[in-house]
Amino acid sequence: MADRVIYAMYDDEEILKDGAKELVAKGVKVEEVFSPFPIHGIDPIIGVEETRLGIFAFIYGLIGLTLATYGMWFFMISDWPMNIGGKPSGSYLDNMLAFIPITFEFTVLCAAHGMAITYLIANRTLPGMKASNPDPRTTDDKFVMELRTSQNTQFSEDELEAMVKSTGIIELEQKDI
Amino acid sequence: MHKEAAIREPLILGHKTYHDITEDVCRPIEDKAPRMWYILFVSALIIGLYGVGCILYLLGTGVGVWGLNKTIGWAWDITNFVWWVGIGHAGTLISAVLLLFRQKWRMAINRSAEAMTIFAVFMAGMFPLIHMGRLWLGYWVLPLPNHFGSLWVNFNSPLLWDVFAISTYLSVGLVFWYIGLIPDFATIRDRAKKPVSKRMYSILAFGWSGRAKHWNRFEVISLVLAGLATPLVFSVHSIVSFDFATSVIPGWHTTIFPPYFVAGAVFSGFAMVQTLMLVMRKAMGLEAYIHTKHVEYMNIVIMVTGSIVGTAYITELFISWYSGVEYEAYAFLNRATGPYWWAYAAMMTCNVVSPQLMWFRKLRRSLIFTFVISIVVNIGMWFERYVIIVTSIHRDYLPSSWSMHYPSHIDIGVYLGTIGLFFVFFLLFARYFPVLALNELKTILKSSGESYKNGDAETHPKPKPMAGGSNKLVEEATSVAEVVEKARKTTSSDTSQQAMELMAALGAGSADNKDDLKAISGVGPKFEDTLNEIGIFSYEQVSKMTKKEYDILDGITGKFPGRAERDDWAGQAKELMNTNNQ
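Respectively, the protein sequence lines represent chains A and B. Going letter by letter, the first sequence gives residues 100 to 276 in our numbering. Going letter by letter, the second sequence gives residues 8 to 589 in our numbering.
FYI, nobody ran anything at the bench for these hints, they're computed from the structure. Ideal Cβ positions, reconstructed from N, Cα and C, are used throughout, including at glycine. Just so you know, not all the hints are guaranteed correct.
[Unchecked claim] One-sided and incomplete, this derived list gives chain A residues near chain B with beta-carbon spacing under 10 Å: (1) S134; (2) L152; (3) A197; (4) L208.
[Claimed, not checked] Derived coverage of chain A by chain B (criterion: at least 3 residues anywhere in the stretch with Cβ under 8 Å from a Cβ of chain B; other residues may be distant): (5) 164–174; (6) 228–236.
If we strip away everything but chain A, and leave its shape as in the complex, we get (with noise of 0.2 Å):
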């Protein structure tokens, strides 16, 4: 069966989270909501799972921590231990304090960073890409619902439709993939 998508746009997002809630109380599986802005409480009607950024940021964190620590224990205190006043340069715990700064701005420089580019290649936006957005509007002031066939078997096409058009919409497209 040929898989046809449907493209119901919004005016509003309160009326495409309404329009949303009722389609998904009927069964209907809505594949993609696209908007010029975050809609609040989107996520769970359609069924968006909570991302996992945080956690990644969190470990690279971790990383950048750990490679802060190892690499002053190594150039400062294991590899060429400093000679200050001729006084002992003494384990890496006793020149920690020192260490803080730069282990604080290195852990800061690997989450942010390794947040950011997982967060770009999570969301295939790379330089270059290219846009998928179903009308060019929807970065402006519309919001659009996209819906496909092929995961709503249990209704015919016409049945779909008819229960989109009863949202609120003020536009439907149709298209075959």
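For chain A, the structure is supplied; the task is to place chain B on it using the hints.
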């Protein structure tokens, strides 16, 4: 949706729709730059290039071209460095700290404040680099394996901490800023008409499409980056202050430096934001988004941080006496009464007295007063660094080496050059980048927009069932149109009489020479259809409308009472006619 108390001043003035926000932010980018922009850009570029020339001369000749001597080994170079880093503190503070505190007013200013931060940190970073004298060996500040055996940079040195702090701050600030920019670039990309700009903004937008999952990630990354950037902001200027505080020079060797530098940085950063924003909002017509309330909020921050700075000055003075260290006491006495008393006096007046004036509501809500104070504060904060740096070292332990600092013309040229370059960058930003976080602003429109707060705007129109069949449908308006249509047929109806009256006043139009009425702000596609139903097709007809006709129109449509008059449709139509004729 986020709810806000009704008595809180709205953050977005007037009647704005989502589309209006897009329009208002994108128009300056899409239109031709005004003549004033070119004048400012060329002047900034000339000053900037002069500065680059001075830097090249310095690099070719040596640091000796600065007005330094054996007593005063640090003067304008480090003063300018600290001044610029300080200015670069407001942006991240606004976007990160205020994000954590959920301060919605930040959204109108964070984008340009962050841009300012990044450019200011560029300028700051330049000073240590040229200070090295041999710029091409600049990479030696990094712990790289090298041919000198086990020779590493000194991780005990605050100067190296600075390298890490400033570069982390700059790069994280840049990433934070750019991630926020991506969706806004996508908006410009989708509106762009010219192929070149479409191509450029497509590249810049990274293919952003605004999917729900992407927005979900966007919100999380903004929050986490804000969480990371917040301690970063405070650490950066603390570490800059360590450059001085960890030394044994009287006047520098103070534990109060980190908090006092951070407060001073925020103080000067906000002052610079005020200077730039007050001009920008006017020049780019953004008065509805950055208005008196925003200025007042920023002035309150200036007042608070200015008071912290003032308290720190006085604490320093007290401690210098209380410590019982005579060198310490002399350093401060010399600052206030020695040959640099004028610099100290300038710093005290500009930084301690001027922010206290912000206690008066009238003054902190006055735009002109704010503009003047913002410049005064920036001058004062430059003098603060100058006083701390030069007066502490110009009289050292050996009276025979006491000296004064006189800047050379290269000192002055490099400093002015960085100001020029800063404005070159900022003007380019204002010309080609969305200066407001437009997509973020849309999220607060319904909770903080004036017309939504006072009930003028229609909110959440009830969804109406749609007639099946046609794919493109005009909702809502159909009912209005039907009413008018019906009224036309049965002449006895009230509405039809009104419509006739209206047409008599405006003159008949025809669908043949139809203008794009949507170009009038306030008229959407639906309303255009309604107007066409009545018989209004051209700008000429709209331009003839007066209060009386507006009222009739409101009577017919029953929608948005007073809207046409408020938006001055007639005036807009006249302008559109003129542009069409040209």
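Status of each hint after checking the structure:
Nearest Cβ of chain B to the Cβ of S134/A: about 5 Å, under the 10 Å cut. The hint holds. Among the interface hints, the one on L152/A holds; its C-beta lies about 5 Å from the nearest C-beta in chain B, closer than the 10 Å criterion. Hint on A197/A holds. Least Cβ distance to chain B is approximately 4 Å, under the 10 Å limit. The beta carbon of L208/A comes within 4 Å of a beta carbon in chain B, closer than 10 Å, and the hint placing it at the interface holds.
Coverage of the segment 164–174 of chain A by chain B holds in this model, with 3 residues showing a Cβ closer than 8 Å to a Cβ of that chain against a need of three. By the rule of at least three residues with a Cβ nearer than 8 Å to a Cβ of chain B, the coverage given for the segment 228–236 of chain A holds, with 7 such residues.
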